[in-house]
Structures are given as structure tokens and as C-alpha cells.
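Residue numbers (numbering that gives the first Met the number 0), protein chains in the order written: chain A, 0 to 250; chain B, 0 to 250; chain C, 0 to 250.
Honestly, the hints are just simulated from the structure, not real lab data. Note that beta-carbon positions come from the ideal geometry of N, C-alpha and C, so glycine has one too. Some hints could be false.
As the list claims (entries may be wrong) - Listing some non-contacts, in silico: residues in chain C with all C-beta distances to chain A over 12 Å:
no.: 1; residue: Pro-160
no.: 2; residue: Ile-202
no.: 3; residue: Gly-227
Claimed, not checked - A partial selection of chain B residues facing chain C, derived with a Cβ cut-off under 10 Å:
no.: 4; residue: Asn-12
no.: 5; residue: Gly-28
no.: 6; residue: Asn-30
no.: 7; residue: Gly-34
no.: 8; residue: Ile-86
no.: 9; residue: Gly-135
no.: 10; residue: Lys-139
no.: 11; residue: Phe-157
no.: 12; residue: Gly-192
no.: 13; residue: Asn-194
no.: 14; residue: Gly-212
no.: 15; residue: Leu-226
no.: 16; residue: Gly-234
no.: 17; residue: Val-236
no.: 18; residue: Asn-244
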Amino acid sequence: MNYISKNSIIGDNFFHGENLIIEDNVKIGKNVSLGHNVVIKKDTIIGDNCIISDNVVLGKEPFKASNSAVTEKRELTPLKIDKLVTIGALTVIYRGAEISDEVFVADLASIREDVKIGIKTIIGKGVTIENKTSIGNFVKIETEAYITALSEIEDYCFIAPEVTFTNDNYLGRTEERKKYFKGPILKKGCRIGANSTLLPGIIIEEDSLIAAGSVVTKNTKKRKIYLGSPAKIFGDVPEEQLLENQNYYKK
Amino acid sequence: MNYISKNSIIGDNFFHGENLIIEDNVKIGKNVSLGHNVVIKKDTIIGDNCIISDNVVLGKEPFKASNSAVTEKRELTPLKIDKLVTIGALTVIYRGAEISDEVFVADLASIREDVKIGIKTIIGKGVTIENKTSIGNFVKIETEAYITALSEIEDYCFIAPEVTFTNDNYLGRTEERKKYFKGPILKKGCRIGANSTLLPGIIIEEDSLIAAGSVVTKNTKKRKIYLGSPAKIFGDVPEEQLLENQNYYKK
Amino acid sequence: MNYISKNSIIGDNFFHGENLIIEDNVKIGKNVSLGHNVVIKKDTIIGDNCIISDNVVLGKEPFKASNSAVTEKRELTPLKIDKLVTIGALTVIYRGAEISDEVFVADLASIREDVKIGIKTIIGKGVTIENKTSIGNFVKIETEAYITALSEIEDYCFIAPEVTFTNDNYLGRTEERKKYFKGPILKKGCRIGANSTLLPGIIIEEDSLIAAGSVVTKNTKKRKIYLGSPAKIFGDVPEEQLLENQNYYKK
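The shape of chain A in the complex, shown without the other chains (with noise of 0.2 Å):
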């Protein structure tokens, strides 16, 4: 049986399963279909022609965890879904998070509040995207990767499957490390290899390239190769692999 609260604002051709769940002051887009059991949390906003699968959970309110050191209580915007999105199955995504046109977010993937996902990227299944984080356009991160709170990824960025990004050199000690949390900076185009590790804070600089399983322990150079733990310069990213010789990349 569905619950529809009645302030919410449903548009034109509005296609939805069974189970669903609309609290109140929602607002839906044209053209939106809704998978069974969804749940959408108060004054969460959804554009036109977005889908939504099975089971998934949107503008969920943050909890803080007595002992979290990043998430403090305040109020947050609503969760804010543009258009043209698709969202898979078995997500989360949180209020005061902001997604783009024409993202797309697969099965099982979590996003926090505090994030803002640029146009046309893509988020793996099993992705975990941190509070207080930004991504550009045309990012893909892939299955499993995870995002730790306070990161940049700028627009093409690519980031492969059961990546670690990380935030905090001194794992939780000290008062003072919280003056120095601070997730990677992904400068555009930057590639980052299956099952790598990035350390707090450390900037990858653009077309930089980071192979397979390393450990990435400082900044890199543009157009570099990078490979190993602790990852070290292993020649240049070839001519034909840069981003601007890309026939999807666009100024």
C-alpha cells in the first residue's frame, strides 16, 4: 500500500511500484518513475524524468555518532535530484546532498549530505561518497570505490573500482588533527587505478595517471604515470590517453 503525503507536488505522468512512501513537502518532476518499496524523506525535490529503483532510501537525515569527529548537527538544505537522473537499487542518498543532470548513481551506493555531483557523472554500485565532499562533470567512480569526507574531484576525473580515499594522517589521535582533516584533491582528468590508496590531503594533479594498487604518499606531477607503494613516477601518460585528445571531453 502506498503512503502519499498530501502537501507533497507530484507532476504529469508520475509512474511508481507498490510500497511507496512520500513524506510530506516533496516535490516530483514530470516524467519520474519510482521503483517498489522507495522511500522519500520530507522536502526532498526531484526533477523531471529522473528514475528511481527498488528500495531506495532518499533525504535521509544524518545521525551523528556520538564519537564522529566530522558530522556535526545542524539543519541541512533538502535533497536536491535535477533531471534525467537514474538511481539504482538499494541506495541512500542524504538530504542536503545535490545531484545533477543526468547522473547516474547504481544499486547499493551511499551518498552523504554536504556533496554536490556535477552533470553526467556516474557512481558505481557500492560507492560510498563522504560528507563534504565535490565532484565535477563527467566523473566516474567506480564499483566499491570510497570517497572520504572533505575530498575534490574535479570534472573527468576517473576512479576505479575499490579505491580508498582517506582524511586523517593521525587515525583518529591528538585534538589538533582535527585543524588537518582533509580528504585528496583530484585535479581534472586524473585517473586513479583499481584497489589504490590515496593519503590525506594529497593533490593529484591533472591527466595524472596512478596505476593498479598503489599507495599514493605525495602530490603527483601533470600527465605522469605514477605505480607502486609508495607510488613513484613511472613515465609519461601517453599522447593519445591525455584527456584533450578525447573525442567526449569538451572545453
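The hints should help you fit chains B and C onto chain A, whose structure is shown.
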């Protein structure tokens, strides 16, 4: 409240929980048990004596991300689940997959279209099996392992937790890369240690063993142990660990 | 529509969402808040002031895979969740687990049977806690970490994202291996860096620190930093990072 389509066919001795959703043209065998909030999409076929846990989604249609490299839009055969299969909570299995007798799938896993899984294989918690992958009989794929698209896994392989497969040496760059997409090929009885990374298209030979945390960049030799990043030969697999010497092995 | 068994006992000031399912003989304390689509299996006990989010499954019975090496079939005690516990969306916790006061479990996590989790411990998003594992007080286990069966984690340990524990040096071969199954043992206040791998049965001593991306193959010494694959001593844990010098530490 349950929604069961009138043109679905359900065998005797059917047990199910609350909020069940069975779409059109589903066929369910005898002695099947379903948990709460289970979603079974149209045309899905479930054999006798299966157990399916809470909040599972079966028969999901793939969505194509506007810039996905591997997924194509076409008609898929219905999801087919054979006899005595067990499926854990919060798992999603796509239309176009085929799950053989006595397979066990744990919680929070994802199995995509065009995947065949052989008899008595175990798929662990949170495992991802991407599309166009074949998995043999008596395989174990452990928690959170990532099996990329276009992989081949033969009988009796063992894949430890958090292992990462890759299929694109070009990390999303150049058009010609699409000709070379290829996941790893795992020959009969090979074993991959925890949190290891396998590069695209490499062949892990019969009964070879990759130590935990390795990065495998080249094909391996039969019955050899490999270790490190890049993985190098460390020695021979002990006689008593060879597949042919296991009492559970059937030629 | 909600299904609440008549022989469940529910305390005052109960708040819950839609499509709630409470099976027989459940006991829920005062001031408990449940989200939508929550499934609470028979006999589960939930203490006062708990918050449980959408699509959670509590009290799941383990299924035995026909060829699982560790799971055995027997009667388990009911899932017991103490006071002030918070549980995120789409998480599953098994019958036979015991969750102490003020524990925080994030979204999409899985906690198996025969697990005890001490007070104020944090379990991150997508974390897996396998069976027969004990976890102390004030522990942090971060996103997507994998805690294998038969592990021991003492108070104040810190486990960074995507860490992998292992418990079988024989990777599924030989009968005698079953005598040697053993997860890692983490002594008080030790810390494991992101995406590291711990071999079976190793002991990480008090306050020792494993750098990100390491593979730990031997027992460590107290208050030493380890790094690399295989992990070797790199130096001493700085004085100001020792557990005894943290203001949150209570002897």
C-alpha cells in the same frame, strides 16, 4: 500488504512474509520461502526449494548510464534461479542472469545481467558480479570481492575478500580501448588472496595461488605461488593443497 | 501497512514509519524510533532510546551454505540491542548478536551471529562483521572494512576504510586447515591504516600503528609503526598519539 500478479504461477507449499511484490508472469516452484519486502520483477523464474531473504530485488532491468562503456540496451532473457538456491537480504539480481542449483548468495550482493553462475557456488556478502561474466561450479567468492565485467572464472576457484578484478588497461581513455576490454580469466582451482588486484585480461592458471595483497600484472604458471606488487613467483603450491588432493573435488 | 505481532511488547513513546514488520515475541523499550520498511524478526530485544533507520533487517537467522566452512546450524540467542543505539538504513544484523549501549551502526552494514560489540563503538557504512567475533568498547571500524570470522578487537582500536582481515592461511584447501582458522587479534588501542590487509591470526599489539596500504604478515610490537608489504617497522608511534595521552581515553 502483498501484491501478487494474477498471471504469476506459484507452486505448492509457498511461504512468504509481508509486503511481497510479485510482478507479471513470474513462475515460482514448490517449497519456496520468501522474506518480507521481497520484489520479484516480471518474468522471473524461481525453482523448487529456494529460500529468499528480506528486501531482495530479483529480475531488475539494467539501466544504461548515458556514458557507460560496456552496458548495451537490448532484450534480456528472464532471470532464472534454479533449485535449492539461497539468497541473502538486501541483494539485487538482474534480469538476464542464470543461477544454478544450490548456489548461495549472501546479503547485500549484486549480480548483473548476462552472468551465469554454476552449481554450489558461494557468492559472499557485498560481492559485485558485473555483466558478461561466467562463473563455474563449486566456486567461492568471498565478502566484498569485485568481479568486473567480461571475467571468466572456472570451477573450484577461490576468491578471498576484497579482491579487485579490472578490465580496462586504458582507464577510460581512447576509443580503441573498447576492443581490448577483458576481465581476468581464472582457470580451474586457482586461488586469489585477500585484497589482491588482478590486471585486465590476465590468466591465472590452474591451481596457482596469489598471496594476499598482491598486484598481478602477468599471467601465472600452474601450481605456483605468487606474491607482491608486481606479483612474482614465490614457490610451489604444497602438494596437499592441490585441488586434486581435496576430498571435496570431483573430476 | 504495518504488521505488528500481537505478542510483541512495545514501550511508550514509540515512533515508526510505514510498512513496519514486527514478528512474534519482539521486545522494544521506551522512546524508540523506527524508519519505514523496517523488519524486526522474532524474539529481537531493543532497548530504550534506540533509532533505527529505513529498510533495516534485525534478527535475521543465518542460512548455512551447503559448503560453508565456518557456519554451523544451531539455536541462537535472540538479537539484543541495548540502549541509545543508532542503526543506519539498509543494514542487516543477525540473531545471536549483542550490541551494547550507544553503538552507532551506519548504512548498508552487516553484522553476523555470535558477535558482541562493546559500548560507544562505531561501525561504518558497508562494514561486514563476520560471525564469532568480539569487538570492544570505543572502537571505530570505518567504511567498507571487512572483519572476518573469529577475530578479536579490543577497546579503542581504530580500523580505517577498506581494511581486510583474513582467517584462513590455506585458502580453502586441506581438511586440517579447519583446526587453524583464526582471525587477527587487535590489542587495545592499535590502529590499522586504510586498505591494509591482515593475515590470519596475527597479533597487532597495543597502540601499534599500521600505515595505509600495508600487508601485515607477522605479529607487531607495542607502540611501533609498521609500513609496506610485507609490513616492517618504520619507527615509534609519536608520544602525543599514544592512547594514554588522548583526552577521550578512560582507563
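Problem - Cut-off 10 Å, beta-carbon criterion: hint that Gly-234 (chain B) touches chain C - result: violated, 14 Å
Problem - Distance rule for Pro-160 (chain C), whose beta carbon must clear each one in chain A by more than 12 Å - result: violated, 5 Å
Exercise for the section: Hold the hint about Gly-34 (chain B) up to the distance rule: shortest CB distance to chain C must be less than 10 Å. Expected result: Hint holds; Gly-34 (chain B) Cβ to chain C Cβ min 7 Å, cut 10 Å.
Practice task
Answer holds if the nearest beta-carbon of chain C is closer than 10 Å to that of Gly-192 (chain B); otherwise answer violated.
Solution key: holds, 7 Å
Handout entry: Given hint Lys-139 (chain B) near chain C, where the shortest CB pair must fall under 10 Å
Key = holds, 6 Å
Handout entry: Status of the hint placing Ile-86 (chain B) at chain C (closest C-beta pair under 10 Å)
Key = holds, 9 Å
Handout entry: Proposed interface contact between Asn-30 (chain B) and chain C, which counts if any beta carbon pair is under 10 Å
Key = Since chain C brings no Cβ nearer than about 15 Å to Asn-30 (chain B), farther than 10 Å, the hint is violated.
Problem - Closest C-beta approach of Gly-212 (chain B) to chain C relative to 10 Å, hint status - result: Given a least distance of 3 Å, the restraint on Gly-212 (chain B) holds.
Handout entry: Restraint satisfaction for Gly-135 (chain B) [CB to CB of chain C, less than 10 Å]
Key = violated, 14 Å
Problem - Evaluation of the interface hint that places Val-236 (chain B) against chain C, nearest CB under 10 Å - result: holds, 9 Å
Practice task
Decide, holds or violated, for the assertion that all CB atoms of chain A are farther than 12 Å from the CB of Gly-227 (chain C).
Solution key: violated, 7 Å
Problem - chain C contact restraint on Gly-28 (chain B) - CB to CB distance below 10 Å - result: violated, 18 Å
Figure legend: structure checked against the earlier numbered hints; hints not met, in rising order: 1, 3, 4, 5, 6, 9, 16.
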